[in-house]
Structures are given as structure tokens and as C-alpha cells.
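Dock chain B against chain A, hints included.
Chains as they are written, first to last, in my numbering: chain A, 1 to 277; chain B, 1001 to 1294.
Some clues are possibly wrong.
[As the list claims (entries may be wrong)] Think about it this way: if two alpha-carbon atoms lie no more than 30 Å apart in a straight line, the pair counts; the simulated DSS-like pairs of lysine-lysine are: (1) K103(A) - K1141(B); (2) K164(A) - K1289(B); (3) K1048(B) - K220(A); (4) K105(A) - K1008(B); (5) K164(A) - K1288(B); (6) K1202(B) - K103(A); (7) K1102(B) - K264(A); (8) K1008(B) - K1102(B); (9) K194(A) - K1289(B); (10) K1288(B) - K1203(B); (11) K1100(B) - K103(A); (12) K55(A) - K194(A); (13) K1048(B) - K55(A); (14) K264(A) - K1008(B); (15) K105(A) - K1102(B); (16) K105(A) - K1100(B).
By construction, these hints were calculated from the structure, which means they are not laboratory data. Given the structure is predicted, the values throughout are model-derived calculations rather than measurements.
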Amino acid sequence: MQLLKRWRLTPSRAILEILMIAVALCYLIPIWMVFSNSLKDSTGAGLMGLSLPSKPVWDNYAIVFRESDILRGLYNGLLLGLITVVSNVVVASMCSFYLARIKRKISTFFYNYFIAGLIVPGSIIPIYLEMRILHLNNTYIGLVMLFVTATLPFGIFLFTGFIKTIPREIDEAAIIDGSNPYQLYFRIVFPLLKPVTITVSIFVFIAVWNNVAYYLYFSKSTQYPLPLSIYSFFGKYSQSWNLVFADILVGIIPCLILFMFAQKYMVSGITAGAVKG
Amino acid sequence: MVPKMILKNYPILFIVPAVILYTVFSVVPSFVGLAAAFTDWSTFYLLKPTYVGLQNFKDLFESSGFLGAIRHTLLYTVLHTVFVIALGYGLAIILNNQVKFKNAYRVIIFSPVVINPLVISLVFSALYNPTYGPINTFLRKVGLGSLAQNWLTEPKIALYSVIIMGIWVGLGSTVVIFLAGLQSVSADFYESATIDGAGGFKKFRYITLPLTMHALTINTLLVLISGLNVFGEVYGLTNGGPNGATEVFGTFIFANFSQGMYGYAAAAGLVFTVVVSISSFTLLGLFKKMEVEY
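This is chain B alone, in the form it adopts within the complex:
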């Protein structure tokens, strides 16, 4: 028991500013403001929104734009997560071994983390330029000219071009977390495994993987959330185009907001919040079960 005289020195006043700010600008709008999703609130009915029940949700799920946005967001998130985790894990394992200049590589791969997604998307729109962009120029030079594409204007490819940029951006922090996880595995485990005659794959399967499971959980969760929340990258690179082929939750909500359809956009935002929360908490629960302590 902590004596009363000591407890008195942690006044509850200390948490008041944080609780007020967070409640007023995050929790209250999330709960009370949800009402907007059930109204026809828009620039037209700005001062007199009326209750319209589930009409907004009905319209959303009947519009191809929103269904497309859900599909693209999920496709983006799944591919982005799989590739960032797999490549990030692989790169971290390589960088954890004796590669020359490994610190330089780590810094280089990490650097996009500090650059604004809109600025990165400007650079990539130049890289993806169909006529002069370095990517197509390179493909033509090495004799793979047939692979040169309209990376951002061909509807079948545009989303994958956005995903590739997302992977490029997202690798850095993932590698850093994996490296930290790998470095916390004691070398003793590998030594005794070598004495027992375990090969490289067995060492990975029975030592590295289980002991870095925590880093894997955190990384997967962070990358998943960043994928579902993607906005700046898509807004800057394609703004949902061509013809809705890269529309995601973020751009869909912003486009409807910009047209003044607030109630409709709020309903889309509500669906988005539910999707993100369910996926994240499900994944968190799933991973928690798989973690082990040695």
C-alpha cells in the first residue's frame, strides 16, 4: 500500500487536460456526431439536416463507387501488408548479417518515412510518366519495352502502381522494427542449435520465427492500419482515377465531402471506422494467441 501522503502528490488534475481534449475532439465527434450519418446534412440542408434513417447506407451500398472503394482499399491493404511484411522481414534478416554498409542501407530505406506522401507521389508521377519516365525508359533500354505501361492511366494497372509506391514508402519503419526484434534474439540459441546439427531453415523455423513473433505482430498491425488509412498517396498520385479505378475509403470520403454531401460522407466514414476496427482487433487477437515466450 502506498501511503496517503504520497498519493496526494499525484493530483487527478494531471489527466484533466488530456481527457478533455481527447474527449472533445475525438470521442465526442465519433459518438454524438455519428448522427450526421443518418441525416441528409449537406451544403444544401446545412442548417436543417433531417433524419433519413438508413438511406445514406442504402445509397452507399448501391453505388458502384463505394463498393469499388471498399474493394480497392482491401486489395491495397492485403497486397501492401503481405509485401511490406515479407520484404521487410527478408531485408531485416539480410541487414542483421554481415552485409557491408548495412547502416547506410538502413538509413536509406528509412528516409521516405520523413517525406510527405504528397511530395513522394509527385516524384512517383514523374517516375511513372509513360513517355519519359525513368521506369519505362529503363524497360526499353534493357529490351523489355513491351512491359512499358501507362502506369497511372491504364485502369487495370493504376492501383498496382499505387501499391508499389506504398510498399516503397512503408518498408523503412518495418525493417527497423524487425531488426530490433532480430537483435533481441540471443546468439546462444543459434550456437546450441548448430551443435545439435540444425540447418538454416530449422533455425529460422524454430528459433528466429517464434522469437520475433512479437515484432511480427506489431509490424503487421501497423502496416495493416496504415494500408486501410491510405489517403495522401492515392490523393496525390491518381486522386482515385482513372475513372474510379484507384478510389479508396480516404479519397471517396474526401470527394463526397468536397461536393458538400456531409451526411453521405459521414456514413461512409462510419463504415470505414467499423472495417478498420474489426480488422485490427481481429488480427491483434489472432496474433496474441500465437506469441510465445522462451
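Looking at chain A on its own, in the form it has when it is part of the complex:
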């Protein structure tokens, strides 16, 4: 087996190792710059050097917590993210259950109807017009509706693919045992969807958390999630890079924590969706 061959250092291998270290540095240096400069005073951070300060200014973090909208941003992001995730999972998985099980023209039509949304971009100005008419601009409920809609094609794509791999005999056994359609779905089928539910949830949450355009078009700044509140903070404090860097670091930590837990599911989700799909 090729894979079990012992690792030996050859010139070509050394080049690859050095190349990969260089690539990794391209990703690590920006994070390091943010960290080291978040501990400097305003003059020191303005120089953007990569060395650690001799006397770290931990006070920057206290100022950031006092002056920036971190907590409100966290609240907005979690509220919108979680409501969108729950709505998406319920709406998309139920729809997919029908689309995957019923083999009729109507399923094919609606499957393609949704999947087209993966490619065709949403027309944002007409949506703005409609949101205005419905008085949904600058409301949380309006944002949630838009986010659920925007993430539906992706959810339906993954859920339908997964449900097709669940044997129909399970449904039939439940039906013969006397469960009604809703018991069949919520008690029997939905629990089996756990792996794909986790993947969809993570992607939908990140899509809401990291969105830029929808917040700029359809919400006011008090509804911004954490990342956008960092950007507003930068607008006010662009002369104090130490505070900006501290704010950035505090702002990306929740994402990186989520990422560490979610990485496995994100990768397997991307893989299953892209390579098998």
C-alpha cells in the first residue's frame, strides 16, 4: 500500500513542506497581527508591527466592552441566527420529506423550483419594494423571513438528498403501526435526519451571522449582528487600531469556537453535498 510507506525526507518533499508552511503563515500572520496589536497603546498599534508589546495593555478589552456594541451584536446575531436555523430546518426538512418520497411531476417541478435559487441571485431592490409595502423593513421578523427564504434552496438540496437514503420501509412500518402523517414525520423520520440537520444548521447560522448585504439593505444599525457592529465601531474609532483590533478579536472568538466544534460537520457537509450530489 502506497499510503503506509514510511515518511522519508527527499528534496521534493522538503520543498512541499516549506511551501505548506509558507501558505500556513499567510493565514496565521493576519490573526497574529490582530492579537499582538490589540495589546498595544494607540501609537504602538498604529505602527502595526508584529512583535508583542513589552507591557500589554489589557485595558483595551475593557474599553471595547464598555464602548462598543458587542453584547447587543451578540444578542442580535444569536437571536436572528437561531430563529432562522430552527425555521429553516423545520420548513426545509418537511418540504424535502414530501419531495423525496412522492415521485410525481409536482415533486420534480418544485425541487427544480427551489434548486434554481442556488444559482440565480435574489433581486434585492424588488425585495426592498415588497418589504416596504408589507412594512417589514427594519423588523426582526422581516429579516428572518428573508434569511429563511435565502437559505431554503441549500437546506432543501441537502435534506432531499439525505432523505432519499432513508429506506421507505421505515415509513411503512410506522404507518402500519398506526401513526398519522405528523407522528410519522416528527417522531420517526425527523430524528433520523440528525447528521444533515447539524450540517444545515451550521451553514445557515454562519450565513446569517456573516451576511452583509441584507443587513445594510433591510435593517437599522441597532439590529446589526456582532460582525457588523465591529464595522460600525471601526467607523467611530478608525484612529485607534488597538481598540479596533481588540474588538475584532473579541468578535471573531465566538465564530472560531463554533468553528472548532463545527469543523467536522462543515467539512463532511460540504463533501457530501458537493461530491456525491
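Frame of chain A, contents of chain B only:
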């Protein structure tokens, strides 16, 4: 045939919420709301938009701003796609072999996927700082001071600086998909090719490339769409400046929307939708023809 008694247990009610939401908040605005593109709707004529025919489109294609936005979006998309695909494929092949710490590299390269483009653009505006930014500092230190640039304020360079950041952001998910494709190629193919005396290039050309064609299709399509849709990165880094040198569809539409020119922005959005749809479906068709099954 599935018996009727079983079919009854999949009520059509299950698809109703999804269909309503998607139709009301995506399809209806896309079709009916298109009318806005043919009106003078703006903050000035907010309640009484009148039909102006193709005037908005005529104005768009006569304005240098919109033509620039089309040109920059296409240039961004082409360079971004070529580099992300080529580098991503190369990195995936390296990471598929026996490099030490390959899992760590994979996680590191993937991590920007979870960070907001606006936040990434703030970090890059510091990296690109002409006086103190680490990039210019590094160039001066290694004796390449003549290459130090005003990365974001020099009109000839700004778009390329944005593209470089886009490549940095986009590599992670591309590498993951390529890796998955590479790992699905059975080692048996390579063994028999080695016995037949095939060299490295031949193995790549006749085994790896055809068998990872599906991953290549998906990746190219995803990267292409993300390139055409670029907004947060450009908005955060340059907001279309200096002097329109990095204006793309997304920033152009938002700038006109912010000035209250809704009809005009809707017309630009319509052109954008057409461009994205045509490019994506063309590419999809092209790749579908090239895929093979072994």
C-alpha cells in the same frame, strides 16, 4: 406502485410553508418587482413611479460607472476563479499526500470561511496600509522596497489587492471539496498505472483529472458564483474606490440604492441577475459534457 394508503401519509401540506415563503420573498419580487426597473421609482417619486421604458437601461449603459462595474466584476470573477481553482487543486493534491500536519493546514486554510467578509476586510486594510502595513514592511525588509505600494489607493492596483484578499478567503472550501474528490479515487488505479509504467504526469492526466472532474465542476461553479456575487469584501475594503476603480455590481447597486435611485438600481440588478444566470448555466452545461464515469 406505492399503495394509496401509504401515499396518503405524505400530505402536500408539508411543502406549503416552503413554497409560500420562497414564492413570496424570492420568486414574486424577482418577476413582478422587475417592473421597478422600467420606472423612475426613487425617493423623489416614491409613491408615484411612472413607466419610463428602457430609459434606465439606456442610462446604465451610457454611464462609465456601470460599464466599469461590469468590467471589474468580470475581471474579479475570472482571476478569482482561475487562481482559487488552480491553487486550491494544487494545495489539495499536496495535502492528499504525506505532508506533515496536513490536518492542521486544512483547518487553518478553511478558517476564514467562518469570519465575516467585512471583518476580514478590516484586517486586510491594516495589512495593506502603505506606511506601516506588514506587507510593505516585509517587502522593505527583504530589499524589495521598490515593490511596496499604495495597495488600496492606487487605482491601477486596488482591484488586484481586492482580488488577492478574495483568493485568500475563497481557498478553504475549495480545498476541502477537492480533497474529498481526490480521496474518492481508488488507489488501485494508481497501482495498475504504476505497473503499466505510467509517470506522474500521465497518472494525473489520465486518472486524477478525469476522476475528480465532478469536484472540479462543483468547485468552479461555486467559486464563479461567489465571484460574481462579491459584495462585502469590496464594500469593506474600498467601497468601490478609489474613484470607481474597484466598483463591482454589488457596490454599484448599493451606492445607487443609498442615493434613493431605486428604479435605476433595480435595472442594474436585473442586468446582474441575467449575467450571473447565463454564466452559471453555460458553465454547468459545459462541464456536464466533460464529466466521465469509470
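Checklist entry - Is the Cα-Cα distance between K105(A) and K1008(B) 30 Å or less? => result Roughly 17 Å between the alpha carbons, so the hint for K105(A) and K1008(B) holds.
Item to check | Holds or violated: K164(A) to K1289(B), with C-alpha atoms at most 30 Å apart | outcome: Since the Cα atoms of K164(A) and K1289(B) sit roughly 26 Å apart, the hinted pair holds (cutoff 30 Å).
Checklist entry - Within a Cα-Cα threshold of 30 Å, do K194(A) and K1289(B) meet the stated pairing? => result 35 Å, violated
Checklist entry - Straight-line Cα separation of K1048(B) and K55(A) no greater than 30 Å? => result Measuring from Cα to Cα gives roughly 63 Å; hence the hint is violated.
Next on the checklist: Between the alpha carbons of K105(A) and K1100(B), is the straight-line distance 30 Å or under?
Outcome noted: Judged against 30 Å, a Cα distance of about 51 Å means the pair is violated.
Next on the checklist: Please verify whether K1202(B) and K103(A) have alpha carbons no more than 30 Å apart.
Outcome noted: Not satisfied, since the Cα-Cα distance of roughly 44 Å exceeds 30 Å.
Item to check | Restraint check for K1102(B) with K264(A), where alpha carbons must lie at most 30 Å apart | outcome: Holds, because 15 Å separates the two Cα atoms, which is no more than 30 Å.
Checklist entry - Straight-line Cα separation of K264(A) and K1008(B) no greater than 30 Å? => result 38 Å, violated
Item to check | Satisfaction of hint between K194(A) and K55(A), Cα-Cα up to 30 Å | outcome: At roughly 49 Å apart (the allowed maximum being 30 Å), K194(A) and K55(A) break the hint.
Item to check | Given hint K103(A) paired with K1100(B) - CA-CA distance at most 30 Å | outcome: 49 Å, violated
Checklist entry - CA of K1288(B) to CA of K1203(B), is that 30 Å or under? => result 22 Å, holds
Next on the checklist: Checking one constraint from the list: CA of K105(A) to CA of K1102(B), max 30 Å. Satisfied?
Outcome noted: Outside the cut-off at roughly 46 Å; violated.
Checked against the numbered hints listed earlier, the structure breaks hints 1, 6, 8, 9, 11, 12, 13, 14, 15 and 16; every other hint is satisfied.
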